[in-house]
Amino acid sequence: MTLTATQPMSLPKRRSGRGWAAAVLPPLLVLAGFLGLWYLMSYELLAPDRRFLVPPPHRVVSVGFLDWENLQALLVGLVVTMRVAGVGLLAAIVIGLAVAIAMSQAAWVERSLYPYAVTLQTIPILALVPLFGFWFGFGFFSRVVVCTMISLFPIIANTLFGLKSIDPALRELFALQKVGRWKRLRKLDLPFALTAVLAGFRISAGLSVIGAIVGDFFFRQGTTGIGILMSLYISRLQSELLYASIILSSLLGIVAFWLFSGLSFVVGKRFDRSQA
Amino acid sequence: MTMTASQLVFDDAGSVDFHDLGKVFANGTQALRNVDLSVGSGEFVSIVGPSGCGKSTLLRIASGLDTPTTGHATVGDGAIGFVFQEATLLHWRTVARNVELLMELQGVPKRERAERREEALQLVGLDGFQKHLPKQLSGGMKMRVSIARALTLNPDIFLFDEPFGALDELTRERLNVEVTNVFAARPFTGMFITHNIFEAVFLSTRVVVMSGRPGTVVGEVQVPLPFPRPLDLRFDRAFTRLVSEVSGLLREGSS
Ligand SMILES: Nc1ncnc2c1ncn2[C@@H]1O[C@H](COP(=O)(O)OP(=O)(O)O)[C@@H](O)[C@H]1O
Ligand SMILES: [Mg+2]
Numbered sequence: 001m002t003l004t005a006t007q008p009m010s011l012p013k014r015r016s017g018r019g020w021a022a023a024v025l026p027p028l029l030v031l032a033g034f035l036g037l038w039y040l041m042s043y044e045l046l047a048p049d050r051r052f053l054v055p056p057p058h059r060v061v062s063v064g065f066l067d068w069e070n071l072q073a074l075l076v077g078l079v080v081t082m083r084v085a086g087v088g089l090l091a092a093i094v095i096g097l098a099v100a101i102a103m104s105q106a107a108w109v110e111r112s113l114y115p116y117a118v119t120l121q122t123i124p125i126l127a128l129v130p131l132f133g134f135w136f137g138f139g140f141f142s143r144v145v146v147c148t149m150i151s152l153f154p155i156i157a158n159t160l161f162g163l164k165s166i167d168p169a170l171r172e173l174f175a176l177q178k179v180g181r182w183k184r185l186r187k188l189d190l191p192f193a194l195t196a197v198l199a200g201f202r203i204s205a206g207l208s209v210i211g212a213i214v215g216d217f218f219f220r221q222g223t224t225g226i227g228i229l230m231s232l233y234i235s236r237l238q239s240e241l242l243y244a245s246i247i248l249s250s251l252l253g254i255v256a257f258w259l260f261s262g263l264s265f266v267v268g269k270r271f272d273r274s275q276a
Numbered sequence: 001m002t003m004t005a006s007q008l009v010f011d012d013a014g015s016v017d018f019h020d021l022g023k024v025f026a027n028g029t030q031a032l033r034n035v036d037l038s039v040g041s042g043e044f045v046s047i048v049g050p051s052g053c054g055k056s057t058l059l060r061i062a063s064g065l066d067t068p069t070t071g072h073a074t075v076g077d078g079a080i081g082f083v084f085q086e087a088t089l090l091h092w093r094t095v096a097r098n099v100e101l102l103m104e105l106q107g108v109p110k111r112e113r114a115e116r117r118e119e120a121l122q123l124v125g126l127d128g129f130q131k132h133l134p135k136q137l138s139g140g141m142k143m144r145v146s147i148a149r150a151l152t153l154n155p156d157i158f159l160f161d162e163p164f165g166a167l168d169e170l171t172r173e174r175l176n177v178e179v180t181n182v183f184a185a186r187p188f189t190g191m192f193i194t195h196n197i198f199e200a201v202f203l204s205t206r207v208v209v210m211s212g213r214p215g216t217v218v219g220e221v222q223v224p225l226p227f228p229r230p231l232d233l234r235f236d237r238a239f240t241r242l243v244s245e246v247s248g249l250l251r252e253g254s255s
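Protein chains in written order, with UniProt numbering: chain A, 1 to 276; chain B, 1 to 255.
It should be emphasised that the hints constitute simulated quantities derived from the structure, not laboratory data. All C-beta atoms, glycine included, are put in the ideal place defined by N, C-alpha and C. Heads up, some of the hints might be wrong.
[Stated by the list, open to error] Under the rule of at most 30 angstroms between Cα atoms (straight-line distance), these lysine-lysine pairs were calculated in the BS3-like manner: (1) B/LYS142 x B/LYS110; (2) A/LYS183 x B/LYS142; (3) B/LYS131 x A/LYS187; (4) A/LYS164 x B/LYS131; (5) B/LYS110 x A/LYS187; (6) B/LYS131 x A/LYS178; (7) A/LYS269 x A/LYS183; (8) B/LYS135 x A/LYS164; (9) B/LYS131 x A/LYS269; (10) A/LYS269 x A/LYS187; (11) A/LYS183 x B/LYS110; (12) B/LYS131 x A/LYS183; (13) A/LYS183 x A/LYS164; (14) B/LYS135 x A/LYS187; (15) B/LYS135 x A/LYS178; (16) A/LYS187 x A/LYS164; (17) A/LYS187 x B/LYS142; (18) A/LYS178 x B/LYS142; (19) A/LYS269 x B/LYS135; (20) B/LYS131 x B/LYS142; (21) A/LYS164 x A/LYS178; (22) A/LYS269 x A/LYS164; (23) B/LYS142 x A/LYS269; (24) B/LYS110 x B/LYS131; (25) A/LYS178 x B/LYS110; (26) A/LYS164 x B/LYS142; (27) A/LYS183 x B/LYS135; (28) B/LYS135 x B/LYS110; (29) B/LYS110 x A/LYS269.
[To be verified] Going by beta-carbon spacing under 8 angstroms, a handful of chain A positions derived as facing chain B: (30) TRP20; (31) ALA23; (32) LEU25; (33) LYS187; (34) LEU190.
Could you build all of it, start to finish, from the sequences and the hints given here?
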């Protein structure tokens with residue numbers, strides 16, 4: 001009994017003590033190496049007249065982040081993109097959960113829909129983007145559609161996987177009580193699948209940012225999101241700003257991913273079966 | 001405490017009756033053939049037989065999880081408790097919430113749930129573990145939770161499908177005593193599947209022996225020993241005689 005009482009208290013401590021350094025140091029080293037290569041590229045490999053292709057990191061920082069006017073344009077674009085990503089992800093979550101739950105309830109629904117869910121993954125959405133422009137206009141809505149299409153599949157696939165991996169004996173336990181499917185969904189299926197569902201959200205959160213930028217980038221019309229800025233900077237050869245915008249949008253994706261990782265971590269303690 | 005006559009009075013809610021029962025699965029496997037078996041209210045019947053002879057199938061039919069392909073099963077309309085081979089706990093629920101699960105599904109009001117939960121936890125000796133999660137429990141304790149959960153339904157019929165097969169010998173013995181205690185404290189009709197002949201004799205009022213697949217009843221042994229049954233009953237002459245009788249039937253049945 002003493003064992004079970006002390007273990008949960010001492011274990012996390014030791015882990016977090018070593019864990020912080022282990023989590024932060026390696027990526028920092030990689031970053032340092034990366035910046036080194038970047039400088040090497042800028043100053044040694046490129047002739048001065050071609051340096052604009054890979055401007056050195058400090059130039060990117062001073063032009064993109066320390067110049068208030070430039071930074072403001074970037075941040076405004078980022079907020080526009082963030083809104084598209086947020087709404088697109090929310091739509092993907094609602095649709096993805098609904099589709100996966102429907103698939104798990106009836107084999108015929110799964111058989112009829114799954115091939116199309118897979119198609120979402122394989123279809124060149126980039127080629128469809130201009131079509132969405134024709135159909136829905138170049139505004140907020142079409143961007144959200146692109147974003148949702150890009151981030152939908154992982155939610156469907158992970159949720160469905162979670163729902164299908166429920167222990168058959170547990171299903172029988174519920175069947176013996178003659179529980180209706182909605183009640184079972186609430187008390188068994190969804191809690192059981194929660195870890196997998198959250199893993200899907202996490203992947204899709206990153207994808208939703210990419211989706212929002214892709215929509216933006218290709219439409220080049222309507223409200224200026226960060227994707228439109230990118231294509232603008234490309235056409236004007238403003239490479240410092242282009243790099244700055246790429247860095248900012250990656251950060252947005254990372255933050256979205258982390259938010260959902262945090263959620264998984266908090267919920268995971270109790271719901272993750274691999275820790276059971 | 002010995003079983004008094006009054007505790008053996010039951011209505012039909014607790015009887016299980018298989019008549020010329022057969023089961024052929026969709027893939028052509030014949031699991032059961034001509035099974036005739038009556039379990040009366042208040043009996044505790046263990047079923048032993050080689051693995052794959054259809055014991056689980058028989059229990060699933062009794063519980064309504066499966067249906068026979070020939071013959072019929074008549075089961076009393078009382079509540080049924082089913083204890084599976086694994087503890088089948090919901091890993092995100094505490095012990096208390098796991099024990100309440102079936103009552104929750106049945107719509108039992110919260111107040112009454114708490115009462116019956118505490119009573120059941122007491123009965124299996126798990127008082128004090130209410131707030132633990134399943135992963136913090138040993139295999140034997142998980143199985144106790146599983147039994148407590150089934151007890152909350154006040155079952156007239158209690159079906160056990162090899163619940164202690166995965167436990168070590170000491171834990172198994174302790175749980176055997178628990179089961180006989182529960183049976184004495186709150187009588188029910190029991191059907192208990194096991195590979196372990198000692199366990200079968202120790203728990204039961206009757207042991208039924210099945211043949212290899214397709215399974216059918218090849219014989220039975222009455223166990224006229226009083227409850228409660230102390231652990232060292234195992235070294236009793238009468239007990240060992242019954243064990244060897246079951247063992248003999250088992251060998252005949254599978255040869
Ligand atoms: N759903 C099923 N479909 C086909 N065969 C099955 C099914 N369930 C069990 N069986 C087969 O029926 C036989 C009896 O199974 P079971 O009742 O589980 O045996 P026991 O519990 O005695 O070991 C076994 O050969 C098993 O493989
Ligand atoms: Mg079995």
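Hints and how they fare:
1. B/LYS142 x B/LYS110: holds (23 angstroms)
2. A/LYS183 x B/LYS142: Status holds; Cα separation ~24 angstroms.
3. B/LYS131 x A/LYS187: Roughly 19 angstroms between the alpha carbons, so the hint for B/LYS131 and A/LYS187 holds.
4. A/LYS164 x B/LYS131: holds (29 angstroms)
5. B/LYS110 x A/LYS187: Holds: B/LYS110 and A/LYS187 sit about 16 angstroms apart, inside 30 angstroms.
6. B/LYS131 x A/LYS178: holds (28 angstroms)
7. A/LYS269 x A/LYS183: OK: A/LYS269 and A/LYS183 at ~24 angstroms, within 30 angstroms.
8. B/LYS135 x A/LYS164: Within the cut-off at roughly 22 angstroms; holds.
9. B/LYS131 x A/LYS269: holds (15 angstroms)
10. A/LYS269 x A/LYS187: holds (18 angstroms)
11. A/LYS183 x B/LYS110: holds (17 angstroms)
12. B/LYS131 x A/LYS183: Satisfied, since the Cα-Cα distance of roughly 24 angstroms is no more than 30 angstroms.
13. A/LYS183 x A/LYS164: Answer holds: A/LYS183 to A/LYS164 is near 17 angstroms, not above 30 angstroms.
14. B/LYS135 x A/LYS187: The hint holds at about 19 angstroms.
15. B/LYS135 x A/LYS178: Judged against 30 angstroms, a Cα distance of about 27 angstroms means the pair holds.
16. A/LYS187 x A/LYS164: holds (15 angstroms)
17. A/LYS187 x B/LYS142: It holds: about 20 angstroms lies between the C-alpha atoms, which stays within 30 angstroms.
18. A/LYS178 x B/LYS142: Holds: A/LYS178 and B/LYS142 sit about 24 angstroms apart, inside 30 angstroms.
19. A/LYS269 x B/LYS135: The hint holds at about 11 angstroms.
20. B/LYS131 x B/LYS142: holds (13 angstroms)
21. A/LYS164 x A/LYS178: Cα-Cα ~20 angstroms, so holds.
22. A/LYS269 x A/LYS164: With Cα atoms ~21 angstroms apart, A/LYS269 and A/LYS164 stay inside 30 angstroms; holds.
23. B/LYS142 x A/LYS269: holds (19 angstroms)
24. B/LYS110 x B/LYS131: holds (17 angstroms)
25. A/LYS178 x B/LYS110: holds (20 angstroms)
26. A/LYS164 x B/LYS142: Measuring from Cα to Cα gives roughly 24 angstroms; hence the hint holds.
27. A/LYS183 x B/LYS135: Status holds; Cα separation ~25 angstroms.
28. B/LYS135 x B/LYS110: holds (25 angstroms)
29. B/LYS110 x A/LYS269: holds (27 angstroms)
30. TRP20: violated (26 angstroms)
31. ALA23: Check failed: Cβ of A/ALA23 comes no nearer than 25 angstroms to chain B, outside 8 angstroms.
32. LEU25: At about 32 angstroms, which exceeds the 8 angstroms cut-off, the nearest Cβ of chain B leaves the hint on A/LEU25 violated.
33. LYS187: holds (7 angstroms)
34. LEU190: For A/LEU190, the interface hint is violated, since the closest Cβ of chain B sits about 11 angstroms away, which is over 8 angstroms.
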